[in-house]
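Line order of the protein sequences matches chains A and B.
Each residue of the first sequence is one higher than the one before, counting from 1 in the UniProt record's numbering.
Each residue of the second sequence is one higher than the one before, counting from 1 in the UniProt record's numbering.
Certain hints may be false.
Only part of the chain B face toward chain A is listed, based on derived beta-carbon distances under 8 Å [unchecked claim]: (1) 117; (2) 147; (3) 173; (4) 196; (5) 276; (6) 278; (7) 280; (8) 283; (9) 342.
These are calculated hints, taken from the structure and not from any lab test.
Idealized CB from N, CA, C, for every residue including glycine.
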Amino acid sequence: MEMPQPNPAILSRKAELVSRLQEVMPHDAVISDPSETRVYECDALTAYRCAPLAAVLPSSTQEVSDVLRICHEMGVPVVPRGSGTSLAGGALPTADSVIIGVARLNEVIETDYENRFIRVQTGRTNLSVTGAVEEQGFFYAPDPSSQLACAIAGNIAMNSGGAHCLKYGVTTNNLMGVTMVLMDGTITEIGGAYLDAEGLDLLGLICGSEGQLGVVTEATLRILRKPEGARPVLIGFDSNEVAGACVSDIIKAGVLPVAIEFMDRPCIRATEAFAHAGYPDCEALLIVEVEGSEAEIDEQLEIILEIARRHDPVELRESKSADESAKIWLGRKSAFGAMGQINDYMCLDGTIPVSQLPHVLKRIGEMSKEYGLGVGNVFHAGDGNMHPLILFDANKPGDLELCEAFGADILKLCVEVGGCLTGEHGVGIEKRDLMVHQYAPDDLDIQMAVKDVFDPKWLLNPAKVFPLQASDTRREQAA
Amino acid sequence: MLTPKNEAELAKIIAKADTPLRIQGGGTRPIGAPLNCPCLTTTGISGIELYEPGALTLVAKAGTPLAEIETALDAEGQRLAFEPMDHRGLLNTKGTPTIGGVVAANVSGPRRIQAGACRDFLLGVRFVDGQGRIIKNGGRVMKNVTGYDLVKLMAGSFGTLGVLTEVSLKVLPKSRSTGVLLLEGLSDEQAVKALSRALGSPYEITGAAHLQKGVDGDPVTMIRLEGFENSVAYRAAKLQEVLSEFGKFTVENDQNRTTAGWQWVRDVVPFHNRDGDVWRLSVKPSDAPEIVNNFSGVEAIYDWGGGLIWLLVPGNSELAASEIRQAVATKGGHATLVRGGYSVGAFTPLAPAVAGLHRGLRQQFDPKGLFNPGLMGQVA
Chain A
1 MEMPQPNPAI LSRKAELVSR LQEVMPHDAV ISDPSETRVY ECDALTAYRC
51 APLAAVLPSS TQEVSDVLRI CHEMGVPVVP RGSGTSLAGG ALPTADSVII
101 GVARLNEVIE TDYENRFIRV QTGRTNLSVT GAVEEQGFFY APDPSSQLAC
151 AIAGNIAMNS GGAHCLKYGV TTNNLMGVTM VLMDGTITEI GGAYLDAEGL
201 DLLGLICGSE GQLGVVTEAT LRILRKPEGA RPVLIGFDSN EVAGACVSDI
251 IKAGVLPVAI EFMDRPCIRA TEAFAHAGYP DCEALLIVEV EGSEAEIDEQ
301 LEIILEIARR HDPVELRESK SADESAKIWL GRKSAFGAMG QINDYMCLDG
351 TIPVSQLPHV LKRIGEMSKE YGLGVGNVFH AGDGNMHPLI LFDANKPGDL
401 ELCEAFGADI LKLCVEVGGC LTGEHGVGIE KRDLMVHQYA PDDLDIQMAV
451 KDVFDPKWLL NPAKVFPLQA SDTRREQAA
Chain B
1 MLTPKNEAEL AKIIAKADTP LRIQGGGTRP IGAPLNCPCL TTTGISGIEL
51 YEPGALTLVA KAGTPLAEIE TALDAEGQRL AFEPMDHRGL LNTKGTPTIG
101 GVVAANVSGP RRIQAGACRD FLLGVRFVDG QGRIIKNGGR VMKNVTGYDL
151 VKLMAGSFGT LGVLTEVSLK VLPKSRSTGV LLLEGLSDEQ AVKALSRALG
201 SPYEITGAAH LQKGVDGDPV TMIRLEGFEN SVAYRAAKLQ EVLSEFGKFT
251 VENDQNRTTA GWQWVRDVVP FHNRDGDVWR LSVKPSDAPE IVNNFSGVEA
301 IYDWGGGLIW LLVPGNSELA ASEIRQAVAT KGGHATLVRG GYSVGAFTPL
351 APAVAGLHRG LRQQFDPKGL FNPGLMGQVA
């Protein structure tokens, strides 16, 4: 993975930079010792590492503004970092960059149940947002699987989703307002405790911009009242095609499950060996969950089961209790861990039209043979967001490169059938160079023109999202 | 009137253009001071490109009549869940609403409170920018974080950033039945409290409105439930309990009457053919009654649980504008002049830093300043 050469002029001014940062921050919030900056050398995409010049841990929007102003004046690149759970290298530093970590920005500023929102500092973890409101029976809907650790700042940067977004949408659908600091230190307020912010939809633009337009320090998030209950059903099929058709029929029938999860045979087997969830040994497995009162759940499940029966399932398991529900989810929730027991893996997240599921799964199976690398599929079927897990051995020379090539081929296939490179993980550095397969030069150019507006010097989160070649001229001009 | 027949022809027109253009779809939702420049319409670029009911996706060219899309969806038992309003009655316009117009104005109706706005259902766009380049962003899948989200940016940009040529939308199944809880006589304050209580319950409200003057002139509070029949009945009964302190809500289940009732709210029918400016305020629901109480001689319709206020304001437009904008600015929110004396500007003026970002974006998307000049982005 190519990264821009660090700027020697910046590297040589490290002492000056650190002392200026210490003027506006408590000393313990400025980290510059190489033994300590190493913590920030990578995120969850651990294959790529580079320690930053320094890291800062601001405790207020004003401190973020001060840090950005200083970096802007000195021409120092800045990499905003949530909790570092990005699978796409979204928080990978460059050697001449300053990391702004939001870990100390973790206060709840306001909770308002009457108007159904919460205002938080963005270093707060996703799960602790729900934690702050669940005593009153409320929750924050987007639930990425890293929710115990991941920060709202990163959720906004990547427009994170989760298993339940079929019904509740992703981050952008639940974000009402932000305080965002621009690269030159300007503090902006966009939206608030009301729907549909004024003017152009800057909230929509910021959400998913991978920390390249500004640093979001506070967010107003929509909270919802928890449903009375939820229950899953497990359905096994002897072919991926039939499972795909069943998904499509459920959606057409007018039931809107909160989640439709899909696992294929390699993944089922790995999971069974690891978690012993009692899954059937079949080609494809669906977990469909619905919500409501007991009676409402029964009514919806009856419709789903009737549809499933029309597709000759090899297994039909309806949960009758909380224990049984947990058991049905156990395997799905252990799937990533189970695959990790077998070998190192790379997790992709291309999205495809639901109608293309069988075709894409078949092609992935064929490619797996061609590349000689195993792959398991576990994903959100209702919205076509795939998660192929490619197994490889990080200690075997050449295996990572082979795995990346296989991954790239899968993502190109996703684009070919009408889908996209990434459904919820983001582009980061991982898929940066694949962007040309989804977007024509003009499509990329206008996206980069947006960055020109927010960050004319191209200092924020460098070398992510856009292929280096595509942004060359802009970065040179900005320097 | 420029009416290109396809995207390529449109791109050619824009590439050559050097004077401003008024961009419109069917022209049923004009906003802001009328622009004295040639009109370019997308009505010639029309047709449904793809509809996959099993994937809940529809792709249509921008000029496709909304009615054509609704008919196609209806045949499969599906709908545009964001419930776009028809502006013709309120604005006294004629013509055919297009899907491009709906998207450009981010038009969302009562169900926005639960399902989301038009922008939340927009999966992808194609548009021609101010240099005449054909741009695509997003796609036709439900989850997509590949690159910057210009899809949302284009929704509600009122033709100021580019001319939409194609939109992809997520659609949803129609609900099998509807129940509406009704109560007459509540004050605005009590009504918004009742709506908040309902919206904070687990019973999935898909409409929450209060009208100061219902059909027979008395205040009426309306709460909509949708879904399977038994579920609607169950939730209606539960809600009656939850809301009992506000009075005895009755339940209307007749499908024709419930449909008509919410169309009435959606299209702001009580303000049709009446004198006065019409304002649309987006605010924090609990602030709504107090904001409305600032003004005498106005009439209000509260939608979105109070978060959306439609205000009929007779009299001096400029005085009203400054007072309304002041009241909303104090509390947080924004106010759009939907119908009336446009000398005051249709959109809420923006904080300088945010206005600067607007200006920058317009300069990048439309360097020749062709599209609807002066419409959005005024500085406060």
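So, going through the hints one by one against the coordinates:
{"no.": "1", "hint": "117", "in the structure": "6 Å, holds"}
{"no.": "2", "hint": "147", "in the structure": "5 Å, holds"}
{"no.": "3", "hint": "173", "in the structure": "4 Å, holds"}
{"no.": "4", "hint": "196", "in the structure": "5 Å, holds"}
{"no.": "5", "hint": "276", "in the structure": "23 Å, violated"}
{"no.": "6", "hint": "278", "in the structure": "17 Å, violated"}
{"no.": "7", "hint": "280", "in the structure": "10 Å, violated"}
{"no.": "8", "hint": "283", "in the structure": "5 Å, holds"}
{"no.": "9", "hint": "342", "in the structure": "17 Å, violated"}
Hint compliance for this structure: hints 5, 6, 7, 9 are not met, and every other hint is.
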